[in-house]
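Listed here are the chains, written in short residue letters.
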Amino acid sequence: MALFGILLLTTACSSSSDSRLDGRAAEIYGDECASDTKKTVTIYSGRTEYLIGPILEAFACETGIDVRVRWGNSTDLAVLIAEEGTATEADVFLSRSPGPVGFLEGKNLLGSINEEVLAQVSEENQASSGAWIGFSGRKRVLVHNIDLVPEKDLPKSVFDLTDSRYRGRVALPATNGSFEDWFTVFRDTHGNATATQWLKDMVENDAEYYPNNRAIVEATGRGEIEMGLVNHYYNYQEKIAEGMAHRAENHDFGSDDIGSLLIITAATILDTAEDKEASNRLISYLLSEGAQTYFTERTFEYPLGGGVSPNPVLPPLTALEIGSVNFDSLGGGFEDTERIIQGSGILND
Amino acid sequence: MESSTTDSGRPRRRAPWHLKITAGAVGLLFAFPASYLLWRNATGSTGESRAEVLERTLGPLWRTIRLAVLVGITTAVLGTLLAWLTTRTELPARRLWRVLLPLPLVYPTFVGAAAFIRTLNPGGLLADLVAKIGIHETPQLRGLLGAWLVLTLFTYPYVYLPVAARLRNLPASLEENSRLLGSSGWSTFQRIVLPQAASAISAGTLLVVLYTISDFGAVQLMRYDTLTRAVWTTRLNNQPLSFALAAVLLVLAILIVGIERFASHRMTAPARAESSRTLLVPLGKWRPFALAATTGVVVLGLAVPAASLADWAIEGIRRDFGGGRELFIDRHDVLGPAWNTAWVSIVTAAIAVAAVLPVAFLVGRYRSRVGSLSNALVTSTFAMPGLLIALAMFFWTLRSSWAAEHLRGTMLVLVFAYTVRFGAQALGAATVAVSAVPLRLHDASRTLGAKRFRRLATVDLPLMAPGLLAGGGLVLLSTMKELPISLLVAPFDFPTLSTKIFHSFEDAFVAEAGILALVLVTLSAILTWLLIVRRADHLD
Numbered sequence: 002m003a004l005f006g007i008l009l010l011t012t013a014c015s016s017s018s019d020s021r022l023d024g025r026a027a028e029i030y031g032d033e034c035a036s037d038t039k040k041t042v043t044i045y046s047g048r049t050e051y052l053i054g055p056i057l058e059a060f061a062c063e064t065g066i067d068v069r070v071r072w073g074n075s076t077d078l079a080v081l082i083a084e085e086g087t088a089t090e091a092d093v094f095l096s097r098s099p100g101p102v103g104f105l106e107g108k109n110l111l112g113s114i115n116e117e118v119l120a121q122v123s124e125e126n127q128a129s130s131g132a133w134i135g136f137s138g139r140k141r142v143l144v145h146n147i148d149l150v151p152e153k154d155l156p157k158s159v160f161d162l163t164d165s166r167y168r169g170r171v172a173l174p175a176t177n178g179s180f181e182d183w184f185t186v187f188r189d190t191h192g193n194a195t196a197t198q199w200l201k202d203m204v205e206n207d208a209e210y211y212p213n214n215r216a217i218v219e220a221t222g223r224g225e226i227e228m229g230l231v232n233h234y235y236n237y238q239e240k241i242a243e244g245m246a247h248r249a250e251n252h253d254f255g256s257d258d259i260g261s262l263l264i265i266t267a268a269t270i271l272d273t274a275e276d277k278e279a280s281n282r283l284i285s286y287l288l289s290e291g292a293q294t295y296f297t298e299r300t301f302e303y304p305l306g307g308g309v310s311p312n313p314v315l316p317p318l319t320a321l322e323i324g325s326v327n328f329d330s331l332g333g334g335f336e337d338t339e340r341i342i343q344g345s346g347i348l349n350d
Numbered sequence: 172m173e174s175s176t177t178d179s180g181r182p183r184r185r186a187p188w189h190l191k192i193t194a195g196a197v198g199l200l201f202a203f204p205a206s207y208l209l210w211r212n213a214t215g216s217t218g219e220s221r222a223e224v225l226e227r228t229l230g231p232l233w234r235t236i237r238l239a240v241l242v243g244i245t246t247a248v249l250g251t252l253l254a255w256l257t258t259r260t261e262l263p264a265r266r267l268w269r270v271l272l273p274l275p276l277v278y279p280t281f282v283g284a285a286a287f288i289r290t291l292n293p294g295g296l297l298a299d300l301v302a303k304i305g306i307h308e309t310p311q312l313r314g315l316l317g318a319w320l321v322l323t324l325f326t327y328p329y330v331y332l333p334v335a336a337r338l339r340n341l342p343a344s345l346e347e348n349s350r351l352l353g354s355s356g357w358s359t360f361q362r363i364v365l366p367q368a369a370s371a372i373s374a375g376t377l378l379v380v381l382y383t384i385s386d387f388g389a390v391q392l393m394r395y396d397t398l399t400r401a402v403w404t405t406r407l408n409n410q411p412l413s414f415a416l417a418a419v420l421l422v423l424a425i426l427i428v429g430i431e432r433f434a435s436h437r438m439t440a441p442a443r444a445e446s447s448r449t450l451l452v453p454l455g456k457w458r459p460f461a462l463a464a465t466t467g468v469v470v471l472g473l474a475v476p477a478a479s480l481a482d483w484a485i486e487g488i489r490r491d492f493g494g495g496r497e498l499f500i501d502r503h504d505v506l507g508p509a510w511n512t513a514w515v516s517i518v519t520a521a522i523a524v525a526a527v528l529p530v531a532f533l534v535g536r537y538r539s540r541v542g543s544l545s546n547a548l549v550t551s552t553f554a555m556p557g558l559l560i561a562l563a564m565f566f567w568t569l570r571s572s573w574a575a576e577h578l579r580g581t582m583l584v585l586v587f588a589y590t591v592r593f594g595a596q597a598l599g600a601a602t603v604a605v606s607a608v609p610l611r612l613h614d615a616s617r618t619l620g621a622k623r624f625r626r627l628a629t630v631d632l633p634l635m636a637p638g639l640l641a642g643g644g645l646v647l648l649s650t651m652k653e654l655p656i657s658l659l660v661a662p663f664d665f666p667t668l669s670t671k672i673f674h675s676f677e678d679a680f681v682a683e684a685g686i687l688a689l690v691l692v693t694l695s696a697i698l699t700w701l702l703i704v705r706r707a708d709h710l711d
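Protein sequence lines correspond, in order, to chains A and B. Position in the first sequence (first residue = 1) + 1 = our numbering. Position in the second sequence (first residue = 1) + 171 = our numbering.
Note that these hints are calculated values from the structure, not bench results. Be a bit skeptical, because a hint or two may be false.
If you anchor each label on the Cβ, the simulated ranges turn out as follows [stated by the list, open to error]:
#1 B:Asp501 / A:Asp32: 18 to 28 Å
#2 A:Ala120 / B:Glu497: 35 to 45 Å
#3 A:Met245 / B:Thr214: 48 to 58 Å
#4 B:Leu267 / A:Asp32: 53 to 63 Å
#5 A:Gly308 / B:Gln311: 39 to 49 Å
#6 B:Val422 / A:Asn109: 42 to 52 Å
#7 B:Trp210 / A:Asn109: 20 to 30 Å
#8 A:Leu155 / B:Leu462: 45 to 55 Å
A few chain B positions that, by computed beta-carbon distances, are all more than 12 Å from chain A [stated by the list, open to error]:
#9 His189
#10 Asn212
#11 Leu412
#12 Pro453
#13 Leu462
#14 Arg538
Each residue gets a CB set at the ideal place from its N, CA and C atoms; glycine is no exception.
Please model the entire structure based on the sequences and the hints provided.
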């Protein structure tokens with residue numbers, strides 16, 4: 002049976018040995034593939050296949066470096082890498098938010114990214130230690146049902162949401178990784194007391210807990226809940242998938258409100274990576290013009306490098322970016338965030 | 172060898188040493204996850220005080236117990252009733268129901284529960300439908316009620332399959348005699364059928380309860396904060412607490428397994444299996460009600476989630492053809508993973524049944540401490556979240572550099588991990604099957620001098636076949652939808668339907684998720700029919 006599996010794999014792979022790519026990968030790299038270098042980069046990817054698979058395919062074709070991917074949830078993969086420790090097979094870890102990367106940095110498992118690769122993005126979007134780098138961005142927004150929430154009702158700031166006008170109308174994805182990361186930055190920017198009080202007030206204002214961004218966007222589109230704090234990106238996918246039946250739009254808090262923070266997706270090289278050169282090349286490729294264009298055109302994310310401008314349908318970028326926060330100075334930042342959220346009672350409504 | 176029969180009808184003989192050794196070895200293999208968890212708890216410490224840990228444990232623990240008890244009760248009733256209706260009565264279209272009824276088990280809860288919510292909750296498909304007849308309020312499913320409903324509908328097959336298998340080879344003579352003696356249908360059911368099926372009901376309900384404890388997808392989407400959810404939400408930012416909560420979960424599972432063993436020992440000994448024709452009870456005036464109940468379960472458990480999935484899928488295909496965004500999957504993205512899913516699940520099911528057989532024989536036929544211990548290990552492991560089993564696989568393979576190099580990321584470890592995760596499902600059904608083989612048959616063949624393996628092949632296995640098929644079927648369906656192990660433990664580049672669904676659903680590519688999930692359900696239906704229903708029918 003194992004033999005069977007191997008046979009299957011070889012037949013599955015043989016189609017990609019054509020000298021040119023097809024499908025979405027060809028949008029990124031359309032020329033002849035380079036000859037095989039016999040090098041392999043192993044990636045643990047918390048970004049899903051649809052969003053990043055074509056870029057990895059293009060990378061393998063253009064450079065001749067093979068790519069192996071273990072897909073999964075970013076948090077699960079970070080926990081797995083920590084479990085494997087120095088024996089991990091991962092050379093590169095791609096996370097959908099900075100938390101899991103920060104966790105691995107805390108375990109001293111990360112190496113450092115080359116200077117010239119770091120130079121491809123602005124300083125706000127990388128770790129001061131050089132251990133990880135942002136390669137696309139997702140903005141925090143307020144998704145809302147357009148039939149239930151008239152434009153004049155929309156708040157100017159997340160701080161407005163504790164007002165009794167919004168009682169029972171707002172959903173929070175309180176246990177979601179990107180919400181936890183956002184809240185960690187919130188604490189860092191406005192101080193622990195302010196952030197904790199805000200969350201407490203939200204709970205008292207009957208904010209509804211939802212398990213994740215996707216569930217909130219979907220429920221908002223149906224009108225089950227009126228609005229919710231989510232990453233901007235999901236509403237574009239839902240609108241494409243459901244068409245006019247999906248009755249939700251994003252609201253951007255704008256200016257420098259903490260509610261419109263840009264959360265980056267992060268790439269990192271493990272300290273134990275066998276081929277650091279190839280790993281750096283991969284990360285550099287994620288920041289190339291072709292890949293960054295793909296991120297913003299096809300997956301509606303904010304580009305961070307390659308001189309690419311954001312897709313015009315996205316709300317404008319603001320001054321606040323998560324990379325500007327020094328995670329090192331936060332110490333047990335994420336752990337405390339988990340405790341504060343737990344203690345707020347949002348989960349027990 | 173001396174053989175005496177106790178008052179409960181259960182034989183008390185000394186187990187042969189080789190059986191004890193094999194069963195013990197199986198138990199040991201299933202102990203990998205539990206020992207990993209012990210190790211993590213022994214070597215880590217939380218930042219919280221004991222009081223804080225206790226506080227964070229009690230709420231989720233209480234919710235977990237409440238949910239497990241509720242789901243256990245409803246699935247026991249529902250599963251038994253459906254099994255009886257489809258095997259012992261003149262319910263119309265029995266073969267159709269036999270293919271359809273096990274299928275809700277195959278929905279991965281993370282997408283099944285989401286589809287369920289989208290069909291039934293406010294603003295969903297049902298709301299659109301009833302709005303046309305002037306109803307504008309639909310209830311919102313969430314919390315305990317939502318989790319209970321969705322888990323009942325997705326897990327009753329754990330009871331249905333083994334009970335149906337048990338009822339199929341229940342000799343008709345028992346019921347006939349009872350009816351000849353003037354008992355009504357209901358009292359026959361109560362006095363004859365129920366006691367005979369009791370151990371299967373109990374074994375099935377145990378699986379439901381353990382599954383409910385381990386489930387993450389449904390409770391997460393229904394926002395009901397159970398232990399598994401607490402383990403999950405703390406796994407990154409407070410790992411020691413996460414492991415401590417997982418240990419509580421395991422202890423709870425072991426307690427439940429103990430209670431079930433104790434209770435099932437006191438049940439009427441079945442020991443009455445015969446491959447013979449079955450008696451079909453005429454339903455009379457109850458026929459429409461029975462049909463409505465069966466249809467209702469299939470509609471809620473199978474069609475309600477399928478409605479949203481189909482809606483997503485059709486919208487996506489329409490868009491693809493209509494020049495909108497093309498689908499992110501093509502034929503190859505469906506066929507390859509479907510093939511992977513099918514063969515790895517069939518292999519796992521066969522291996523799981525074979526692996527637990529020694530334990531089943533030891534527990535079903537003898538009293539042995541090794542048997543009880545192995546049984547507890549195999550069964551309670553089913554309550555452990557898949558992520559922990561995946562981590563345990565890595566932990567143990569990395570203890571030696573040889574294993575790290577030759578075992579990590581191989582099909583061998585993947586199938587082993589699946590087997591450890593789902594072996595309990597095969598064991599429950601197999602134990603019921605073993606104890607249903609009449610000992611007098613066994614003794615007769617022994618007297619005639621039949622060798623052990625010949626006895627196994629000619630006496631035991633044919634009689635046990637329906638039970639083993641049911642157990643294998645459960646493992647098959649569960650493996651087909653398994654996610655965390657399929658993502659983390661599998662070899663690189665081994666996509667299955669469930670991992671493809673994960674990719675689609677995680678980032679709201681719902682059309683792709685809908686198509687793939689429908690393929691998964693269809694594939695399960697085909698395999699259930701080919702491998703379980705058709706074979707079970709042959710055995711009649």
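To see whether the hints hold, each was checked on the structure:
no.: 1; hint: B:Asp501 / A:Asp32: 18 to 28 Å; verdict: holds, 23 Å
no.: 2; hint: A:Ala120 / B:Glu497: 35 to 45 Å; verdict: holds, 36 Å
no.: 3; hint: A:Met245 / B:Thr214: 48 to 58 Å; verdict: holds, 55 Å
no.: 4; hint: B:Leu267 / A:Asp32: 53 to 63 Å; verdict: holds, 55 Å
no.: 5; hint: A:Gly308 / B:Gln311: 39 to 49 Å; verdict: holds, 47 Å
no.: 6; hint: B:Val422 / A:Asn109: 42 to 52 Å; verdict: violated, 33 Å
no.: 7; hint: B:Trp210 / A:Asn109: 20 to 30 Å; verdict: holds, 21 Å
no.: 8; hint: A:Leu155 / B:Leu462: 45 to 55 Å; verdict: holds, 52 Å
no.: 9; hint: His189; verdict: holds, 28 Å
no.: 10; hint: Asn212; verdict: holds, 15 Å
no.: 11; hint: Leu412; verdict: violated, 9 Å
no.: 12; hint: Pro453; verdict: holds, 46 Å
no.: 13; hint: Leu462; verdict: holds, 33 Å
no.: 14; hint: Arg538; verdict: holds, 37 Å
Hint check: violations occur at hints 6 and 11; the rest are consistent with the structure.
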